[in-house]
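S.K.: Chain residues, written in single-letter form:
Number of protein chains: 2
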Amino acid sequence: MATIVLCLMAQTTTRRCLLAHLKGLARAGESHSPLVSAHSQSFTSLPRTRWSRGSSVRFMSQGTTGKTAAGGSRRGALALTGAAAVTAAVAGVLANANHFQRAEMATKVSPAVVKEEEGDILERCREFMSPPVTDIAVLQERKGDMSTRMEMLIMETQADFCKALQEVDGGTFKVDRWHRKEGGGGISCVMQDGKVFEKAGVNVSVVFGHLTEEAAKQMRSRGKVLKGKDGKLPFCAMGVSSVIHPKNPHIPTVHFNYRYFEIEEEDGSKQWWFGGGTDLTPVYINEEDALHFHNTLKEACDKHHSQYYPDFKKWCDRYFYIRHRGETRGIGGIFFDDLDSPNQEEAFSFVKSCARTVVPCYLPIVNKHLNDPFTEEEKDWQQVRRGRYVEFNLVYDRGVKFGLATPGSRIESILMSLPLTARWEYMHEPAKGTREAKMLEVLQNPKEWV
Amino acid sequence: MATIVLCLMAQTTTRRCLLAHLKGLARAGESHSPLVSAHSQSFTSLPRTRWSRGSSVRFMSQGTTGKTAAGGSRRGALALTGAAAVTAAVAGVLANANHFQRAEMATKVSPAVVKEEEGDILERCREFMSPPVTDIAVLQERKGDMSTRMEMLIMETQADFCKALQEVDGGTFKVDRWHRKEGGGGISCVMQDGKVFEKAGVNVSVVFGHLTEEAAKQMRSRGKVLKGKDGKLPFCAMGVSSVIHPKNPHIPTVHFNYRYFEIEEEDGSKQWWFGGGTDLTPVYINEEDALHFHNTLKEACDKHHSQYYPDFKKWCDRYFYIRHRGETRGIGGIFFDDLDSPNQEEAFSFVKSCARTVVPCYLPIVNKHLNDPFTEEEKDWQQVRRGRYVEFNLVYDRGVKFGLATPGSRIESILMSLPLTARWEYMHEPAKGTREAKMLEVLQNPKEWV
Numbered sequence: 000m001a002t003i004v005l006c007l008m009a010q011t012t013t014r015r016c017l018l019a020h021l022k023g024l025a026r027a028g029e030s031h032s033p034l035v036s037a038h039s040q041s042f043t044s045l046p047r048t049r050w051s052r053g054s055s056v057r058f059m060s061q062g063t064t065g066k067t068a069a070g071g072s073r074r075g076a077l078a079l080t081g082a083a084a085v086t087a088a089v090a091g092v093l094a095n096a097n098h099f100q101r102a103e104m105a106t107k108v109s110p111a112v113v114k115e116e117e118g119d120i121l122e123r124c125r126e127f128m129s130p131p132v133t134d135i136a137v138l139q140e141r142k143g144d145m146s147t148r149m150e151m152l153i154m155e156t157q158a159d160f161c162k163a164l165q166e167v168d169g170g171t172f173k174v175d176r177w178h179r180k181e182g183g184g185g186i187s188c189v190m191q192d193g194k195v196f197e198k199a200g201v202n203v204s205v206v207f208g209h210l211t212e213e214a215a216k217q218m219r220s221r222g223k224v225l226k227g228k229d230g231k232l233p234f235c236a237m238g239v240s241s242v243i244h245p246k247n248p249h250i251p252t253v254h255f256n257y258r259y260f261e262i263e264e265e266d267g268s269k270q271w272w273f274g275g276g277t278d279l280t281p282v283y284i285n286e287e288d289a290l291h292f293h294n295t296l297k298e299a300c301d302k303h304h305s306q307y308y309p310d311f312k313k314w315c316d317r318y319f320y321i322r323h324r325g326e327t328r329g330i331g332g333i334f335f336d337d338l339d340s341p342n343q344e345e346a347f348s349f350v351k352s353c354a355r356t357v358v359p360c361y362l363p364i365v366n367k368h369l370n371d372p373f374t375e376e377e378k379d380w381q382q383v384r385r386g387r388y389v390e391f392n393l394v395y396d397r398g399v400k401f402g403l404a405t406p407g408s409r410i411e412s413i414l415m416s417l418p419l420t421a422r423w424e425y426m427h428e429p430a431k432g433t434r435e436a437k438m439l440e441v442l443q444n445p446k447e448w449v
Numbered sequence: 000m001a002t003i004v005l006c007l008m009a010q011t012t013t014r015r016c017l018l019a020h021l022k023g024l025a026r027a028g029e030s031h032s033p034l035v036s037a038h039s040q041s042f043t044s045l046p047r048t049r050w051s052r053g054s055s056v057r058f059m060s061q062g063t064t065g066k067t068a069a070g071g072s073r074r075g076a077l078a079l080t081g082a083a084a085v086t087a088a089v090a091g092v093l094a095n096a097n098h099f100q101r102a103e104m105a106t107k108v109s110p111a112v113v114k115e116e117e118g119d120i121l122e123r124c125r126e127f128m129s130p131p132v133t134d135i136a137v138l139q140e141r142k143g144d145m146s147t148r149m150e151m152l153i154m155e156t157q158a159d160f161c162k163a164l165q166e167v168d169g170g171t172f173k174v175d176r177w178h179r180k181e182g183g184g185g186i187s188c189v190m191q192d193g194k195v196f197e198k199a200g201v202n203v204s205v206v207f208g209h210l211t212e213e214a215a216k217q218m219r220s221r222g223k224v225l226k227g228k229d230g231k232l233p234f235c236a237m238g239v240s241s242v243i244h245p246k247n248p249h250i251p252t253v254h255f256n257y258r259y260f261e262i263e264e265e266d267g268s269k270q271w272w273f274g275g276g277t278d279l280t281p282v283y284i285n286e287e288d289a290l291h292f293h294n295t296l297k298e299a300c301d302k303h304h305s306q307y308y309p310d311f312k313k314w315c316d317r318y319f320y321i322r323h324r325g326e327t328r329g330i331g332g333i334f335f336d337d338l339d340s341p342n343q344e345e346a347f348s349f350v351k352s353c354a355r356t357v358v359p360c361y362l363p364i365v366n367k368h369l370n371d372p373f374t375e376e377e378k379d380w381q382q383v384r385r386g387r388y389v390e391f392n393l394v395y396d397r398g399v400k401f402g403l404a405t406p407g408s409r410i411e412s413i414l415m416s417l418p419l420t421a422r423w424e425y426m427h428e429p430a431k432g433t434r435e436a437k438m439l440e441v442l443q444n445p446k447e448w449v
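Sequences listed follow chains C and L, in order.
Going by numbering that gives the first Met the number 0, 18 is the number at position 19 of the first sequence; the sequence numbering is gapless.
Going by numbering that gives the first Met the number 0, 210 is the number at position 211 of the second sequence; the sequence numbering is gapless.
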């Protein structure tokens with residue numbers, strides 16, 4: 000590991016520079032791979048915490064466009080650097096740029112910019128699973144910054160989803176708060192061996208750092224050369240990610256991830272982009288579930304651009320592909336990266352719609368199959384599919400690969416996406432005409448659901 | 000995938016050249032990753048098959064040194080090429096050259112060259128789990144070639160080990176014979192959900208090809224530039240590999256792999272080298288088992304060179320290291336690669352000693368714990384350790400990574416090393432002082448057993 004100059008700016012105004020080994024880093028191109036230091040602690044929610052699924056917190060439109068002015072008013076600044084880290088972090092973006100269509104549909108986006116609530120930050124934080132990573136005082140001070148608004152969104156998404164799952168399961172999430180010594184940290188919520196859920200993980204991470212110019216160049220793939228102050232560029236990455244593995248083989252596994260990156264140039268201007276997606280991995284095909292899931296996503300997408308759903312659905316099928324098996328991981332959903340158009344406000348509004356669609360996408364399916372009876376054979380097939388899930392996550396998922404390769408990562412948060420149990424049967428081949436064979440057929444030939 | 004010129008020479012004397020996509024390839028630096036095409040078939044052993052564990056087949060010393068003359072008398076020659084394939088195949092060798100000590104102890108090797116039996120090839124083949132990959136007539140014709148002698152050794156090793164396991168389990172191995180359309184093939188023997196073994200796989204593969212000079216250069220790391228005829232170099236790779244996952248958590252998992260590479264230069268001279276190793280992955284530390292296992296390996300090594308065991312033991316601990324966990328996969332054994340000294344005969348003799356040590360290393364441990372009672376908690380801990388096994392194999396094992404990345408590989412043979420079942424518990428941390436904690440302590444700080 001290369002020794003690199005790490006500049007830490009605390010959330011106060013003092014600036015300290017130090018030499019350090021890279022010990023953590025930024026969120027990777029995808030997914031359930033938080034960026035994490037080893038220091039974690041169990042945490043109990045703030046007093047008065049209650050489930051606020053119904054309280055749709057909204058943000059005021061700030062009317063910002065493309066680049067936003069940064070400088071002194073920015074988030075108390077930030078933290079980590081290291082070419083390797085950032086290179087890997089953004090490998091996903093590069094790969095997507097090469098292989099997939101890009102999310103450049105600026106001119107067509109609908110003007111539906113949702114107003115935000117002017118709710119008090121402190122009040123909203125009381126609904127979270129844990130205090131946010133950033134000091135509440137800092138969030139309050141920088142209420143209008145996109146980094147604050149996104150951090151509030153991912154914390155709310157985590158809380159809403161965890162509480163919806165707790166309600167249906169009867170169990171409680173274990174909440175681990177951890178911090179990176181290089182800057183930032185995260186909150187991992189895990190429920191294991193519940194009544195309904197075999198393993199449910201919902202993770203938030205917010206990390207800061209500095210990139211070298213070389214790393215920044217690799218980070219952004221649109222031919223832009225970024226100029227840093229003394230060769231370094233402040234950088235921040237944050238996201239919420241989740242994988243839910245239910246016990247009942249008739250309830251599908253769901254995964255989602257929504258993330259935001261910011262990088263600041265010498266002149267104070269910012270590059271920023273969003274990424275994310277939600278996808279479903281059933282054990283058996285249920286047309287009605289698939290239609291509900293995809294329709295709900297499509298509705299959320301259509302509010303913003305008519306091409307979002309068809310484009311991001313294809314991108315999803317391509318990303319979650321287990322190449323050595325010639326099959327997708329599940330029946331897809333949406334996946335996008337590098338989204339920085341038509342403007343920051345509208346891009347954020349789209350991400351917000353997606354994040355708020357997670358509960359309505361998934362919970363009705365969970366509730367519908369809650370009491371479905373199942374056989375031992377169905378459970379076995381679920382376990383075989385879980386094995387494929389492990390294969391995808393360990394072999395292909397860029398976030399996981401990047402996280403595992405990074406010293407100082409919080410491994411438990413990265414691998415929380417793995418199921419509690421999985422199975423590998425030699426030469427497992429479902430008999431023709433069975434429901435298992437029908438599932439495989441769909442995985443080998445992704446369908447257009449809506 | 001690059002389209003490459005593939006020259007196939009059948010085992011007859013006809014030579015045909017054709018353009019083809021690379022669809023398979025040579026054995027990777029490590030391990031349980033056979034190289035494989037998709038065409039497989041179930042197979043029943045030759046008539047008169049019986050377990051020949053006691054019949055120690057030996058080879059006549061040929062007294063060959065360093066390079067051997069090749070040319071017309073070589074194995075029917077042949078087969079696959081493709082820089083990517085070979086580059087990956089030998090990435091292990093390169094990595095080892097950079098990170099580990101090398102197996103260059105030529106001057107010190109003992110002169111103990113074991114005589115081989117002059118047994119009839121056909122008779123010996125009757126003991127195998129399947130006819131060998133190479134036509135028996137070809138093997139008979141080229142009885143003295145190292146490729147023939149190694150193919151006989153790996154087939155014998157497979158048969159001896161499978162039969163020893165069948166005897167103890169009472170079950171029967173499923174034998175799948177498969178061939179690569181680009182040349183060569185393999186024999187996969189798998190027993191699943193037996194009385195003693197949850198999953199037991201023993202695989203042989205024998206593949207042939209041509210390398211480009213560039214690929215050959217990357218293949219050999221000792222600064223040698225290899226010159227091919229018209230830029231291409233005939234190449235062959237073969238090996239036996241196995242992973243055994245027992246049901247009882249008091250019986251450890253074992254893995255071994257012994258392999259041989261040959262590459263032919265323009266002037267007909269050959270580069271060749273051996274690689275391999277045997278290592279143990281217990282669920283609980285049993286000092287007596289560890290001593291037996293390591294002592295048996297040490298004895299086999301000491302017959303050839305006093306540095307082999309200490310050097311290859313260290314190499315093993317370094318190779319089977321789960322970096323993101325900071326722990327080794329198991330309690331080690333031996334691991335070596337790129338072994339081409341002091342001469343071919345002695346190197347082969349050493350590999351033969353190792354291969355013949357597999358049964359005496361492992362079977363006494365199996366038999367000793369066959370009827371050990373175990374608790375549900377012990378079984379759970381076994382499943383957690385199986386999860387780590389999966390992590391190593393999917394994230395780090397060069398053979399698996401290479402195999403999965405190669406179109407046309409026989410995935411079922413590559414992934415036969417995965418356990419039938421595995422488990423990932425969030426934040427699993429054995430309590431201090433428990434036997435689980437003691438196991439972890441050893442994995443985090445590899446011991447010198449003998």
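You may find that some hints are simply not true.
Same chains, same names: a pair is fine if it fits in one copy or spans any two.
In silico lysine-lysine, DSS-like type, Cα no more than 30 Å apart, as pairs [to be verified]:
#1 K431 - K446
#2 K173 - K437
#3 K226 - K246
#4 K194 - K180
#5 K437 - K226
FYI, nobody ran anything at the bench for these hints, they're computed from the structure.
Since the model is a prediction, treat every value here as computed from it, not as a measurement.
S.K.: Take the hints in turn and mark each one as holding or not.
M.R.: How the hints compare with the structure:
1. K431 - K446: So K431 and K446 pass the 30 Å test inside one copy only (19 Å; across, 51 Å).
2. K173 - K437: Answer is between; shortest inter-copy Cα gap is 27 Å, intra-copy 37 Å.
3. K226 - K246: Neither: 50 Å inside a copy, 59 Å across copies.
4. K194 - K180: neither (36 Å within a copy, 50 Å between copies)
5. K437 - K226: Intra 53 Å, inter 52 Å, cutoff 30 Å: neither.
Figure legend: structure checked against the earlier numbered hints; hints not met, in rising order: 3, 4, 5.
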